[in-house]
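Taken in order, these protein sequences are the chains called D and L.
Per full-length UniProt numbering, the first sequence starts with residue 1, numbered consecutively.
Per full-length UniProt numbering, the second sequence starts with residue 1, numbered consecutively.
If you're looking for bench data, these hints aren't it; they were derived computationally from the structure.
No false leads were mixed into what you were given.
Residues of chain D placed beyond 12 Å of chain L at every Cβ, according to the derived structure:
{"no.": "1", "residue": "6"}
{"no.": "2", "residue": "38"}
{"no.": "3", "residue": "46"}
{"no.": "4", "residue": "69"}
{"no.": "5", "residue": "139"}
{"no.": "6", "residue": "174"}
{"no.": "7", "residue": "184"}
{"no.": "8", "residue": "194"}
{"no.": "9", "residue": "203"}
{"no.": "10", "residue": "207"}
Okay, the calculated bits of chain L under chain D, using three or more residues with CB under 8 Å as the criterion:
{"no.": "11", "region": "20-33"}
{"no.": "12", "region": "48-62"}
Note that the coordinates shown come from a computational prediction; the quantities given were computed from them, not determined experimentally.
Note that the Cβ used here is the ideal one computed from N, Cα and C, for glycine as well.
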Amino acid sequence: MRRRPGIGGLQTAAAARDQYRLLGENVAKLRTDMMKEQLATFKSQLEEFARKHKNDIRKNPAFRAQFHEMCAKVGVDPLASNKGFWAELLGIGDFYYELGVQIIEVCMLTRSLNGGLISLQELCNHLRQRRKKDREAVTEDDCLRAISKLKVLGSGFEVITIGKKKLVRSVPTELNKDHNQILELAQGQGFVTVEEVQRRLTWTSGRVIDALETLLEEGLAMIDNGNKDGKCQYWFPCVSSVYSFAGSDT
Amino acid sequence: RFRSKRRPPELYWSLQPVRDTHEKQIQLWKELILDYCKAQKVFLIGVVEDFPLFSNSAIDRTLSHEARETFLSAIVGEGSAEWLDKGHRKCLILWHRIQDWADIILHFVKENGLEDSLMTVEEIRSGTESHGTKLQGIDRTILMRTLKLLENKGKLALFKRTSADDEGVKFSV
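All chains, full assembly: derive it from the sequences and hints.
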């Protein structure tokens with residue numbers, strides 16, 4: 001619009017700005033409305049999808065993972081509550097709830113052997129053994145989801161990453177950096193020696209022994225001093241998976 | 001062949017210094033030893049002798065004397081074994097307690113219609129009737145103890161005709 005000089009012109013300019021602003025607001029509102037509508041459509045399509053593929057979601061882990069991704073994209077959390085539409089339709093709340101309970105059981109059963117720290121991989125192995133008859137496969141992804149729900153319940157469960165492995169901690173033991181570094185080192189052979197830790201991390205022997213003793217006290221490590229070279233080995237069940245007590249025969 | 005659901009991992013071949021871990025270790029070895037002895041019908045363990053469970057050549061580990069004594073003493077402590085000597089060198093394993101063996105003998109007597117019969121002690125542990133039963137090959141010391149227990153309960157009478165004879169048993173079940 002061409003500006004016209006004088007007060008009239010100023011008023012016109014102001015009116016023009018107002019109109020633009022209104023238009024801007026309208027456009028914004030329009031966009032929001034459109035988005036909301038798109039979202040609503042998407043959600044209902046998702047619900048339709050879930051309804052149709054309920055069985056697949058329960059039985060097929062890969063499918064289930066993709067479904068979660070889709071939900072995440074539209075900001076839907078099918079696990080948000082155990083009641084309500086999603087839980088009722090899919091029974092997915094139950095699935096993760098049951099899994100969570102089984103995870104707690106496995107962790108408690110193995111706690112005296114591994115000190116309350118178990119590798120995610122081994123946890124999944126135990127779970128698969130237990131669930132064989134149900135023929136409902138579980139993946140590490142499923143476990144992580146179930147554990148995140150457990151966390152919300154304040155159950156003290158935590159997933160920590162050490163080196164290449166994810167470990168599930170089911171006791172309130174706080175591990176500091178020194179402990180974590182030793183655990184990472186132990187992933188190589190399942191054990192470490194004082195000399196090895198000293199050499200590879202360039203610590204004083206005092207520092208090494210301190211850390212190892214805490215790990216021993218917490219039940220996370222066990223000693224093995226039967227080696228011919230006379231060096232005491234500190235073994236870590238949580239990273240070595242040397243044993244399996246899930247009813248497997250030797 | 002002995003197959004166990006549980007095998008002590010490499011980690012437990014050394015006695016553990018931390019108390020909780022040590023207790024878990026003892027628990028595992030107790031169960032393993034009893035399971036093995038029951039499956040293989042082993043009644044006697046010589047602490048200083050070779051015993052298949054106490055070594056694993058694949059990982060080059062063997063239980064120390066102290067460890068063996070610790071685990072066996074734990075079994076003795078819960079009443080499922082007895083030291084036969086003060087030096088703790090020989091351990092009698094009661095994977096069935098004497099009372100259990102007594103029940104087994106009573107069952108054996110009834111199953112075979114031996115209520116009023118005579119048998120020698122040796123026949124009880126190696127005769128045709130005991131073939132394939134739990135009594136086959138039972139350790140003689142354990143058997144004698146069991147028979148004495150049953151005698152005290154009036155279920156049988158032990159006797160010997162001549163010094164050359166094996167001891168005999170007259171059941172009165």
